[in-house]
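Colleague: Next come the chains, spelled out residue by residue.
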Amino acid sequence: MTGLKLTAISLALAAMLLLATGCSQPGNASTAGHELYQLHCLECHEGKNLNLRKQPPKLNGLFQAKALPSGAPATDQEVRKTIVEGRGIMPAFDQRLSDKEIEDLVKYLHTI
Amino acid sequence: MRNRIFPFFCCALAAVAILVSGCQKSAKRYHLKGQVLSKKNATNEVEVKHEAIPNFMPAMTMTYKVPDSNAVQGVQPGDAIEADVVVPTNGGDYWLDDVVITNGPQGPIKAALAPRLLMPGDSIPDVTLTNQDGKTLHLNQLKGKAVLVSFIYTRCPQPTFCPRTSSQFAFIQDELAKNPKDYEKTHLLSITLDPSYDTAPVLKKYGLAYMNNDASGFVHSDFTSTATSDLSKLAQAFGLEYFQQDNQIVHSMNTVLLGPDGNVAKSWEGNEWKTGDALAALQEAAHKALAEENAKHYRLKGSITAVNKDKLEITVKHSAIAGYMAAMTMPYKVRDSKALETLASGDQIHAQLTVAGDDSYLENIVVDKHMQGKN
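Chains A and B, in that order, give the protein sequences. The first sequence stops at residue 114 when you use our numbering, and every number in between is there. The second sequence stops at residue 448 when you use our numbering, and every number in between is there.
Read the hints as simulated data drawn from the structure, not as lab findings. A quick note: this is a predicted structure, and the numbers were derived from the prediction, not measured. Worth double-checking, as some hints may not be accurate.
As the list claims (entries may be wrong) - Heads up, simulated DSS-like pairs for lysine-lysine below, C-alpha to C-alpha not over 27 Å straight-line:
id, chain 1, residue 1, chain 2, residue 2
1, B, 369, A, 50
2, B, 384, B, 369
3, A, 60, B, 369
4, A, 50, B, 138
Unchecked claim - Listing some non-contacts, in silico: residues in chain B with all C-beta distances to chain A over 10 Å:
id, residue
5, 102
6, 173
7, 204
8, 210
9, 236
10, 239
11, 243
12, 299
13, 366
14, 369
15, 394
16, 409
Note that CB positions come from ideal geometry on N, CA and C, so glycine has one too.
Just need the whole structure built from these sequences, with the hints factored in.
Modeller: Here's what the structure looks like:
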């Protein structure tokens, strides 16, 4: 086995390890936030017609806009408040998500 | 070199494999216990009436895809099964995995799995409710109106459960408001399953969200809570199952129409009820309530020529009814079915004839003289 081949294999392994560990390390806000988003937000906010009184808005680019769909400024604080207290027909997630989970969720919402 | 590196490769690859497999959280699994009601081999589907699935779904009947066609062919209607409901986290459709038959066909689903079915005429206990304005409300106060009742809770996160029901109620409210008479003779009542969290202000905020922030809608629509002990009584009367788990309420659904007499007139189990059906039933009940209110009453005197207990009717040969009808012999409905037990052909009676819209019936029947030979 040549030195070049060994280097290539080592690099490949290192890359795989990096990918794998990046995937589900506990405490990785992006992954945790993504899972929370899929579990708690997606069903209402993916744009499907749910025959509700008001169609929940899509959340893509939430923080890129100047204001939230409600008209409130697109800040972490406002989004956190909306998650905890609910808004309009959106239910409150008060006592159902921990501060850490809300934090992870807000961080994830910045990435979509 | 090769011998020294090879074990390292194996260990590293194994570690990578473990880490990679550990991050495949693309679906969540929930354990289901229930009974197969029907199946479709062609589409790999089974219809299952199942118990509440903790943290996921209340007891209900649902059709599930089962990708394993052998499993579909292996089960028969009536089989008690256990399986995993696989819920893709990307929002895709649920499906069943690891289906195990725990018992062969046992006939109808066990009563323990099914909430009590409501029947027209069932009575509902008169509990004390507190509405969104903190005012006390008794179910009895709503007598004389057709009342559509549903159980919700404001933090319900399932869009096809409470949010959809409240949306349907809001639509019904809008439709009824188009006709003042219908609006006056109907009422919508939401009762929370989470009274400790859903205080009057919380319920008010919830109600306003569904009524486009128009508080005048509360005249026709109450969002209420009740004491935990009364809630349990009500749930039993309404054939509802619920329990609290991890700050969520797992519950079945029943939307119930109470007639103007306060008793059950109609009910729709689950969350598949149609807004138009409930609206039409409410309107029909409202028209009846209105007819009752404008009913006219006459005195009838005559003798019974026939008693038909199946039709709840008696045929009476009566004298002229002042202001309404000439003397004749004809059948009349009897409102109180118990009264029929004491009546016989040949009895001479007097009674009150009530005419409400297209409906007419006899009430307060008094026998003046029993037929010969009868005491």
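Colleague: So, for every hint listed, does it hold in this structure?
Modeller: We went through each hint and held it up to the structure:
1. Restraint check for residue 369(B) and residue 50(A): the C-alpha separation of about 53 Å exceeds 27 Å, so the hint is violated.
2. Taking the CA atoms of residue 384(B) and residue 369(B), the gap is near 23 Å; set against the 27 Å cutoff, the hint holds.
3. Restraint check: the Cα-Cα separation between residue 60(A) and residue 369(B) comes to about 58 Å, which exceeds 27 Å; the hinted pair is violated.
4. Taking the CA atoms of residue 50(A) and residue 138(B), the gap is near 21 Å; set against the 27 Å cutoff, the hint holds.
5. Separation of residue 102(B) from chain A is adequate, the least Cβ-Cβ distance of about 13 Å exceeding the 10 Å criterion.
6. Every beta carbon of chain A lies more than 10 Å from that of residue 173(B), the smallest distance being close to 27 Å; the non-interface claim holds.
7. Non-interface status of residue 204(B) relative to chain A is upheld: no Cβ of that chain comes within 10 Å, the nearest being about 19 Å off.
8. Its beta-carbon lying about 23 Å from the closest one in chain A, residue 210(B) satisfies the requirement of being farther than 10 Å from that chain.
9. Against chain A, the non-interface label of residue 236(B) is violated: not every CB pair exceeds 10 Å, the least being about 6 Å.
10. For residue 239(B), the shortest C-beta to C-beta distance to chain A comes to about 7 Å, within the 10 Å cut-off, and the non-interface label is violated.
11. A beta-carbon of chain A is positioned within 10 Å of the beta-carbon of residue 243(B); the least distance is around 5 Å.
12. In this structure residue 299(B) is separated from chain A by more than 10 Å, as the shortest Cβ-Cβ distance comes to about 20 Å.
13. Every Cβ of chain A is farther than 10 Å from the Cβ of residue 366(B); the closest lies at roughly 32 Å, confirming the non-interface assignment.
14. For residue 369(B), the non-interface assignment is confirmed: its Cβ lies about 42 Å from the closest Cβ of chain A, beyond the 10 Å cut-off.
15. Distance to chain A confirms residue 394(B) as a non-interface residue, since its nearest Cβ pair spans about 52 Å, more than 10 Å.
16. For residue 409(B), the shortest C-beta to C-beta distance to chain A comes to about 43 Å, beyond the 10 Å cut-off, and the non-interface label holds.
The structure shown violates the earlier hints numbered 1, 3, 9, 10 and 11.
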